[in-house]
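Student: Residues per chain are reported as follows:
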Amino acid sequence: MPIYAPTLPPAPDLTRGQPPALVLMRFDLARLWRQKIGRFFGFAFLVTLLVKLSIIYVKYLLGSNPAFRPMQDFARAVLAQGPDFQAGLLNPATTLLWFLVALVGGGLVARDTLYRVRPLMYAHPVRPRDYLLAKVGFASALPFAVLLPFVLLPWALSLMVAGLQGPVWPTTPLRLLPAMALISLLMGTLAAGASALAATPRAGVGWVLGLVLGTSTVASLVHGLAGIGSAEALNPVVLVQAWPALFAGVAQPLLGWVPTILGTAFHVVLWTSLAARRTRPSEAVI
Amino acid sequence: MIAFENLDVRYGVASPPALRGLTLSLDQGIVGLLGPNGAGKSTLLKTLLGLLRPSAGGGTVLGVPLGAPEAAKLRSRIGYMPEYDALIEDASAYEQVAFWGELSGLAPEAARDRAHEVLYFVGLDESRYRSVSGYSTGMRQRVKLAQALVHSPELVFLDEPTNGLDPDGRRRMLDLVLRVHGELGTGVVLASHLLGDVERVADQLVILDKGEIRAAGSMAGLRRALAKRVELRFLETLDAAQEAALAELGSVLEARGGLYDVELAEAEPAAVFRWAQAQGATLIQLTPRHDRLDEVLLRALHGAPAGSEA
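Going down the list, the protein sequences come from chains A and B.
Residues 116 to 401 (the numbering used here) make up the first sequence, in order.
Residues 3 to 312 (the numbering used here) make up the second sequence, in order.
Incorrect hints may have been included.
Chain A side only, calculated, beta carbon under 8 Å to chain B, not exhaustive [as the list claims (entries may be wrong)]:
no. : residue
1   : Asp-128
2   : Arg-149
3   : Met-236
Simulated from the structure, these hints should not be mistaken for lab results.
Only a predicted model underlies this, so the values are computations on that prediction, with no experimental measurement involved.
Where a beta carbon is used, it is the ideal one built from N, C-alpha and C, also for glycine.
Sequences and hints are given; from them, build the entire structure.
Tutor: If you want it as structure tokens, here you go:
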């Protein structure tokens, strides 16, 4: 037998709330926390990060400790500290990140579709663009947050142990942060678009991985059959590798600036517009 | 509370209007919105929530013009309980009611406090931390009601709130609806296909069919009109002159097998006895028909548009 309150106290102030997009993103973050996906991925990313930091420390030891002097020439040759090394700070985290983005991002919109809560959101002071901003924003913020330690911690460690002469350039964060932002935007929009196509979170995971592999296959086919190397700009995996290389100034990047910009813009516009189309209020709103 | 005039709503320029020529003014209270599937109830609610722009005509909800840019803000003054199961299955009742409160404009702390209060109000105090996936149908309906009330709206739209409930659950839900209006002073628009629900709680009634208003008015007025309806039977069959003279009593709605369904011009049944005495007819049955609200609904749905019933 339910127990009912004698009455409901007066209304609270409705003007102190946060923007709807922020409320939606915070709710998705709380949901991600509950799902405990971070247990596996947290461990995987932590191990990757520790390996990266160990390499930097070993480089420092090789460069500074007299005991390692005989190895220094060998170390310089094998463990180069040029643009390739700077760009490589984000590898292989970005590869692992695709799976995290698929697992988390694939369910972002699909879960709302499954539970049929999106129409109810639009019956609140939430506009479709708030919803889209929240979903794309969360799906983009997640890879950015994961990648951030992969740049900042090696950079800080390098500065601490070796100052300006360390293996990580002092300017590396300035080069890699824009690359990370573009990578995250690419991953976030693709995940949101794929999730908008799915009716369940599991299907959303499949859609994300399917779209990544599908576009990669198309790009490889066009490249192989027509011999057009720039066709790889359709491949989001290649784009994710291309951006850090371009910003770090790698001598021979996978793709040039123009194809990378065009390919990224194509993906971002395509998946964002798809997500917008699939999440706008329809006749079945109520 | 709500007013509209010559309101037309279309889903596309070429499509026929989903609502056509609606003119109505509703006072603060509990409004029953009755009609079959496809009647336009949901379209009307969507329009009132500001999700659809009128293609012609206009109106106001809580003083805000329909289709105005400030419609998004208006939605923070309105609560909506959908017919379908719009619950976040992987969250507890407390988490999701607080979430809906924040989306309506409450600060995070205020939304959390308010979620406790409103869940207590709807009788879910003890189970508020459980995931809603394990809730019964009645509990799920009450969570939906709680999310509609969490921000203390001035007006709440309840779409089939008693769907799937057993008689006891239905009674409790309708009691809550009465409390929402009686204690909180919140205006209620209750869309339902169950006449009994509407009859129990509503003080105004709107009957919609095929996008048109078939009948509208206050329940009291409707009941007064119904109270005037009587069934008459006479000992001898009335002759043609006597049948014609029945019109003196009011409108003869139906005559079959010596039984006359008459809507009296005045509520006083003594007039019927006086008429029978004057006509030399022996009245053997006079049955009031004030328990037949369903007939009003059926007449409204199957008859011509009536505009205002009472």
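Student: Now look at each hint and say whether the structure bears it out.
Tutor: Here is how each hint holds up against the structure:
no.: 1; hint: Asp-128; verdict: 7 Å, holds
no.: 2; hint: Arg-149; verdict: 7 Å, holds
no.: 3; hint: Met-236; verdict: 7 Å, holds
Checked against the numbered hints given earlier, the structure satisfies every one of them.
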